[in-house]
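There are 2 protein chains.
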Amino acid sequence: MKLKVYADRMSQPSRAVLIFCKVNGIEFEEVRIDISKRQQLSPEYKEINPMGQVPAIVDGRFKLFESHAILIYLACVFPGVPDHWYPADLFRRAKINSVLDWHHSNLRRGAVTYVVNTVLGPVLGLRPDPQAAAEAEKLLSSSLSKIESIWLKGNGKFLLGGLQPSIADLSLACEIMQLELLDEKDRIRILGPHKKVQKQWVENTKTATSPRFDEVHNVLFKAKARHQEQRAKSGSSSNTNLPSKM
Amino acid sequence: MKLKVYADRMSQPSRAVLIFCKVNGIEFEEVRIDISKRQQLSPEYKEINPMGQVPAIVDGRFKLFESHAILIYLACVFPGVPDHWYPADLFRRAKINSVLDWHHSNLRRGAVTYVVNTVLGPVLGLRPDPQAAAEAEKLLSSSLSKIESIWLKGNGKFLLGGLQPSIADLSLACEIMQLELLDEKDRIRILGPHKKVQKQWVENTKTATSPRFDEVHNVLFKAKARHQEQRAKSGSSSNTNLPSKM
Chain A
17 MKLKVYADRM
27 SQPSRAVLIF
37 CKVNGIEFEE
47 VRIDISKRQQ
57 LSPEYKEINP
67 MGQVPAIVDG
77 RFKLFESHAI
87 LIYLACVFPG
97 VPDHWYPADL
107 FRRAKINSVL
117 DWHHSNLRRG
127 AVTYVVNTVL
137 GPVLGLRPDP
147 QAAAEAEKLL
157 SSSLSKIESI
167 WLKGNGKFLL
177 GGLQPSIADL
187 SLACEIMQLE
197 LLDEKDRIRI
207 LGPHKKVQKQ
217 WVENTKTATS
227 PRFDEVHNVL
237 FKAKARHQEQ
247 RAKSGSSSNT
257 NLPSKM
Chain B
17 MKLKVYADRM
27 SQPSRAVLIF
37 CKVNGIEFEE
47 VRIDISKRQQ
57 LSPEYKEINP
67 MGQVPAIVDG
77 RFKLFESHAI
87 LIYLACVFPG
97 VPDHWYPADL
107 FRRAKINSVL
117 DWHHSNLRRG
127 AVTYVVNTVL
137 GPVLGLRPDP
147 QAAAEAEKLL
157 SSSLSKIESI
167 WLKGNGKFLL
177 GGLQPSIADL
187 SLACEIMQLE
197 LLDEKDRIRI
207 LGPHKKVQKQ
217 WVENTKTATS
227 PRFDEVHNVL
237 FKAKARHQEQ
247 RAKSGSSSNT
257 NLPSKM
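Taken in sequence, the protein lines are chains A and B.
In case it helps, our numbering puts the first sequence at residues 17 to 262.
In case it helps, our numbering puts the second sequence at residues 17 to 262.
It is possible that part of the hints are untrue.
Since the list gives no way to pick one copy over another, a pair counts as held whenever it fits inside one copy or between any two copies.
Simulated crosslink set (DSSO-like; lysine-lysine; CA at most 30 Å straight-line) [as the list claims (entries may be wrong)]: (1) K62 with K20; (2) K215 with K79; (3) K173 with K211; (4) K18 with K169; (5) K173 with K53; (6) K154 with K38; (7) K169 with K154; (8) K212 with K62; (9) K211 with K18; (10) K62 with K79; (11) K38 with K53.
Note that these hints are calculated values from the structure, not bench results.
Please model the complete structure; the sequences and the hints are all you need to start from.
Have a look at this one:
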């Protein structure tokens with residue numbers, strides 16, 4: 017039975033898992049769980065992931081959720097996945113685990129909270145909280161600084177000085193791509209000071225996973241264009257730029 | 017060269033790493049990094065962990081931070097650590113990774129935010145934010161419910177139906193022990209409805225790691241007694257109970 021990946025491409029951890037499968041030639045069936053229709057909370061989906069979140073996988077009789085755990089599982093059980101994604105070497109693996117763990121309470125928490133409390137809240141029927149957005153921006157900016165000064169220290173193309181990407185590059189780069197949904201002025205204010213993140217490392221990750229990276233992110237670029245059009249029509253923003261692809 | 021563990025026993029992930037080392041007979045030197053004196057932010061410590069957090073380890077020339085990554089590393093590289101802590105079986109290992117990943121944005125986020133915005137803030141020189149505390153309590157309560165209904169589903173003694181504890185049991189149980197610092201009325205309101213967590217699973221984890229669990233938590237029990245005494249003196253609380261050890 018083919019691997020099933022339950023995902024919504026608007027969700028950054030979903031995209032990381034989908035890109036990983038595609039880049040590594042893992043045969044799978046993508047089952048769309050539409051977050052905007054709250055399908056992740058349906059009783060049927062909660063049989064797959066009782067936490068009601070995407071992504072999740074079903075591999076034979078085995079069910080798994082949490083994207084980092086999924087990426088590690090796929091890297092370990094599917095033959096032919098190149099070692100650089102999650103090295104067998106315990107020291108390199110430990111460092112990748114450290115980046116992945118750090119991600120949760122820093123880059124992810126900052127980015128998700130900021131996006132939800134600005135552009136995505138209204139789409140999901142939530143009221144944005146400006147104070148929460150301001151605090152999230154601080155965490156997000158400090159996380160981007162730390163990526164540059166700590167994880168991207170040195171001359172490597174990827175996190176931890178790697179010459180090839182690991183699952184940490186993929187997970188964190190997909191998180192940063194979520195900022196594409198922001199108003200241009202917000203996106204430039206937040207990402208602008210972090211050229212090494214934006215212009216080098218995310219680009220390197222995209223190139224290393226081309227053309228799958230853009231293919232899976234296409235939904236995000238379309239959503240961005242749609243939101244901008246809506247905001248322009250409603251007059252809440254003067255910004256009608258076409259979506260940057262960063 | 018002996019393993020060095022940089023830790024503050026007032027920090028729950030520090031305690032998890034210390035208990036793990038002691039229970040598994042791993043020889044190590046404990047280096048105290050006093051958070052109340054902001055030693056985690058000193059230039060010397062930032063050479064060990066540039067993120068300025070505890071715990072961290074140095075094993076020979078190898079430095080590592082983030083407690084889950086540390087626990088996984090220790091379980092994998094130290095000979096003689098029983099398999100149940102982090103099983104070689106990829107399916108069981110994947111499920112443990114899933115619990116550990118879930119922990120970050122749920123139980124940990126709820127518990128840390130609640131404790132800091134109630135009892136711990138004033139000790140650390142931070143002003144508690146009642147709205148943040150109220151939101152954190154919701155996340156904390158919902159996380160405790162999910163531990164009971166999902167991770168402790170069935171009749172196992174430990175998370176995921178285990179008969180013996182894994183590193184996930186240790187990490188999450190140490191997080192819940194942090195609630196010992198709360199005022200009794202708050203602790204009872206939050207933990208009271210979750211008997212399976214409080215009376216069974218945390219007790220099972222404590223018993224399985226006895227006497228190391230209480231030994232490492234002793235600092236916490238003393239701090240609780242001290243805080244209660246201070247609050248009683250300042251008249252901000254009528255509660256002068258001796259500390260429960262849950």
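**OP:** Against the structure, test the hints numbered earlier, and report the numbers of the ones violated in rising order.
**Re:** Failing hints, ascending: 5, 6 and 9.
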